[in-house]
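Asks: With chain A held as given, fit chain B onto it using these hints.
Same order as they appear, the protein sequences are chains A and B. Under the working numbering, read the first sequence as residues 1 to 115, first letter to last. Under the working numbering, read the second sequence as residues 1 to 113, first letter to last.
Read the hints as simulated data drawn from the structure, not as lab findings. If you're wondering where the values come from, they're calculated on a predicted model, not measured in any experiment. Since no wrong hints were added, every one of them can be taken at face value.
Among the chain A residues that face chain B by a calculated CB cut under 10 Å, a handful are:
{"id": "1", "residue": "45"}
{"id": "2", "residue": "46"}
{"id": "3", "residue": "94"}
{"id": "4", "residue": "95"}
Derived lysine-lysine pairs resembling PhoX-like cross-links, with alpha carbons at most 20 Å apart:
{"id": "5", "chain 1": "B", "residue 1": "100", "chain 2": "A", "residue 2": "55"}
{"id": "6", "chain 1": "B", "residue 1": "69", "chain 2": "B", "residue 2": "58"}
{"id": "7", "chain 1": "A", "residue 1": "55", "chain 2": "A", "residue 2": "66"}
{"id": "8", "chain 1": "A", "residue 1": "64", "chain 2": "A", "residue 2": "20"}
{"id": "9", "chain 1": "A", "residue 1": "20", "chain 2": "A", "residue 2": "66"}
{"id": "10", "chain 1": "B", "residue 1": "100", "chain 2": "A", "residue 2": "64"}
Even for Gly, the Cβ is constructed at its ideal location relative to N, Cα and C.
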Amino acid sequence: GAVVSQHPSWVICKSGTSVKIECRSLDFQATTMFWYRQFPKQSLMLMATSNEGSKATYEQGVEKDKFLINHASLTLSTLTVTSAHPEDSSFYICSGRTDARETQYFGPGTRLLVL
Amino acid sequence: AQSVTQLDSQVPVFEEAPVELRCNYSSSVSVYLFWYVQYPNQGLQLLLKYLSGSTLVKGINGFEAEFNKSQTSFHLRKPSVHISDTAEYFCAVSFTNAGKSTFGDGTTLTVKP
Numbered sequence: 001g002a003v004v005s006q007h008p009s010w011v012i013c014k015s016g017t018s019v020k021i022e023c024r025s026l027d028f029q030a031t032t033m034f035w036y037r038q039f040p041k042q043s044l045m046l047m048a049t050s051n052e053g054s055k056a057t058y059e060q061g062v063e064k065d066k067f068l069i070n071h072a073s074l075t076l077s078t079l080t081v082t083s084a085h086p087e088d089s090s091f092y093i094c095s096g097r098t099d100a101r102e103t104q105y106f107g108p109g110t111r112l113l114v115l
Numbered sequence: 001a002q003s004v005t006q007l008d009s010q011v012p013v014f015e016e017a018p019v020e021l022r023c024n025y026s027s028s029v030s031v032y033l034f035w036y037v038q039y040p041n042q043g044l045q046l047l048l049k050y051l052s053g054s055t056l057v058k059g060i061n062g063f064e065a066e067f068n069k070s071q072t073s074f075h076l077r078k079p080s081v082h083i084s085d086t087a088e089y090f091c092a093v094s095f096t097n098a099g100k101s102t103f104g105d106g107t108t109l110t111v112k113p
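Chain A extracted, bound-state conformation (with noise of 0.2 Å):
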């Protein structure tokens, strides 16, 4: 099956440091890459969509400078979180998928925790 993998896997940064914050497909083009961000015990919430070699496209509410989303290749897309704070700690999901028919296949997600 279609592998997504996430790195890292955790991190702790300082407060008003940023972290990147890799999803890569390891074996099938993600032509569309999603990120999401979920809060314990709760579900996940869209953050961004992002397709290979266009600019991402942000939930509303969600802050484009502050999560910058770059979707290079078909097989990589990064986030970064500019200038980190604590309410910003969060378990960040990402999933690429082929084409809208296609199942989302899913990162093991990034443990962020910012101090």
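Replies: Using the frame of chain A, we list chain B on its own:
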């Protein structure tokens, strides 16, 4: 408005008992339907999906779901659960007029010995 509702936030059940996790959606367009399972501190794993064709869909780990268009439901079922089925289950809907999916709030399935 398009939405997904998982009717039960928590479902406790004894081992080897049957279980049904309920999911309803609201949409004015055709949909694709998915069930995912999430184990603690992990990403989501696809259990099954409905794109078209037969309304009864069989997935992994003995789960199945039935798409009911008239009731706009996609309930997940398993005839006999195991302790290892304890996890969070998410119903998701992908609307054909949009590229993104919407997830339900999740149902915590707890299987007791």
